[in-house]
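Asker: Sequences listed follow chains A and B, in order. Take 21 as the starting number for the first sequence in the numbering used here and just add one per residue. Take -1 as the starting number for the second sequence in the numbering used here and just add one per residue.
No wet-lab data here; the hints were simulated from the structure. Incorrect hints may appear among the rest.
[Said to hold, decoys possible] Where chain B lies over chain A, by a calculated footprint (3+ residues, C-beta under 8 Å):
{"#": "1", "region": "185 to 199"}
{"#": "2", "region": "228 to 240"}
{"#": "3", "region": "250 to 262"}
[As the list claims (entries may be wrong)] Ranges between beta-carbon positions, derived for each pair:
{"#": "4", "chain 1": "A", "residue 1": "Gln153", "chain 2": "B", "residue 2": "Trp227", "range": "47 to 55 Å"}
{"#": "5", "chain 1": "A", "residue 1": "Gln153", "chain 2": "B", "residue 2": "Leu121", "range": "46 to 54 Å"}
{"#": "6", "chain 1": "B", "residue 1": "Ala168", "chain 2": "A", "residue 2": "Asn36", "range": "18 to 26 Å"}
{"#": "7", "chain 1": "B", "residue 1": "Pro24", "chain 2": "A", "residue 2": "Asn308", "range": "54 to 62 Å"}
Note that CB positions come from ideal geometry on N, CA and C, so glycine has one too.
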Amino acid sequence: MTAALSIQNLQKTYENGFQALKGISFAVQPGDFFALLGPNGAGKSTTIGIICSLVRKTAGSVSIFGVDTDRNFSAAKRLLGVVPQEFNFSQFEKVSDILMTQGGFYGMPRKLAGERTEKYLKQLGLWDKRATQARMLSGGMKRRLMIARALIHEPKLLILDEPTAGVDIELRRSMWRFLEKINAQGTTIILTTHYLEEAESLCRNIAIIDKGIIVENTSIKSLLKTLNRETFILDCNAYLTKAPVLMEFECRLLDSHSLEVTVEKGQSLTELFIALKAQGVTVTSMRNRANRLEELFLSMLSEEKMEGLEQ
Amino acid sequence: MSGKLIWISFSTIFRRELRRFTRIWPQTLVPPVITMSLYFVIFGSLIGRRIGDMGGYPYMEFVVPGLIMMSVITNSYANVASSFYSAKFQRSVEELLVSPTPNWTVMAGYVFGGVARGLMVGLIVTLVAVFFTSLSVKYLVVTTAIVLLAAVLFSLAGFINAIYANSFDAISIIPTFVLTPLTYLGGVFYSIDLLSPFWQGLSKLNPILYMVNSFRYGILGVSDINVVWAFVGVLIFIALLVGWGLYLMSHGKRLRH
């Protein structure tokens, strides 16, 4: 089967000598919901920039549904929709004009562009704002506007670069539902995000990029299987002055009523609760300190990067 | 991309440009009309009466074609320079760059947008001029052709300026320090016959002199220069600027990383 996106040995060195991509290769299958993760400056946006032609590659190849971007970029662009990280529409144009214009750039007759504009503005809850200048929209509305604009030509491959950054939880979840819906309808989606919960909830496959190289490329399920430890926050009924000393578990006191406990792979939570109960501590509720993907992600980051973060 | 799709892309860009400059008409259409009306009043009616004839015509009749051409040139240039640079500044140019629209279509859309504003301002200024003097066109084809070519030429120049520009200051430098002096010294207000041979020779290096005089020739039938050479020169400049603009677009100069 022809990959929705195939990237081979992609390299990018900027004019100042910075090597943003050091020969990355990965493929995304049709219908997939794929996460491209990495810390800031890892090369995610450069990769997306090259795919959509805003960044010129130094070497390597990109093909979209088998269409090589070097040979027939025009055909490849028709298959691709991009939602960039930064707002990149004219702030002074009306919402509906932005979509109609984008349709025109893809050669869509005005009647069809008008129908699609109505369809996507309604689906993304912006129809009431169709006559409003873009600059008057809230941040969340602007993000949805960019998604609607990227879909106007109904691309087979949609790339979203941190689409939910700065969006409140309710809106973020409604955007997830929308993306899941269009993915179920056959659109292949590639997502970069800093919300790892988002990637874990939505995506089936993942590539992690760090310092311009792919450090992991697998399914989310397989990746999570490699998770060796999870950290939980436990709310307790007892007033705690110090952390209980547990033989099998690493335990830290967070405040007078909560503990942070690390559970290694193979250890059971039942054993943890029994050990705590033996010390007179009853757990009333518990939650993950971070989501599972976040634990893995942090463990994969280079030591140098972690040291930098700690500083 | 097929011809039909290219036409849709082109007309979309063109229509957006029309929408832009008509939406902000107090900034784009009114100021040049006010400026030119003041020129008509001061240079044409008030001072012009004391100047007498110029090039065999009353000064008002002599100066009107130059002022119309001046407004076409400056507005064509300004429209494309500010519109395309604003698209770069707001990054909305990326909408076009990621689309299948070919580079030459992008350039043509912006250039014809500039031509439309230049011609619209020129038409309004012409209508205002009718209040001050009788205006008849001697050679319609020459008049139409040169005004159209001048608008295309300066729209192209504005486009290239916008590609190189990395600040709003950079799109005002060329109009202020190059375009305005060349226009004022380009025979808008006087015939170069008034100048000494040295300054006449120097003036003939000014491309705007050829366009102003060709336009004046089309309206009045008099010119300081050979009109055929003016057309040849303008066409050569257009060809050079088209090549330059397409080169910059294909190399993504200041548009792609």
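Asker: Each hint should be assessed against the structure and marked as holding or not.
Answerer: Now for the hints, and whether the structure bears them out:
1. 185 to 199: violated (count 0)
2. 228 to 240: Violated, because only 0 residues of the region 228 to 240 of chain A bring their Cβ atoms closer than 8 Å to Cβ atoms of chain B.
3. 250 to 262: violated (count 0)
4. Gln153/A with Trp227/B: 47 to 55 Å: 48 Å, holds
5. Gln153/A with Leu121/B: 46 to 54 Å: Hint violated: Cβ distance 29 Å, outside 46 to 54 Å.
6. Ala168/B with Asn36/A: 18 to 26 Å: Distance hint for Ala168/B, Asn36/A holds at roughly 22 Å.
7. Pro24/B with Asn308/A: 54 to 62 Å: 58 Å, holds
Hint compliance for this structure: hints 1, 2, 3, 5 are not met, and every other hint is.
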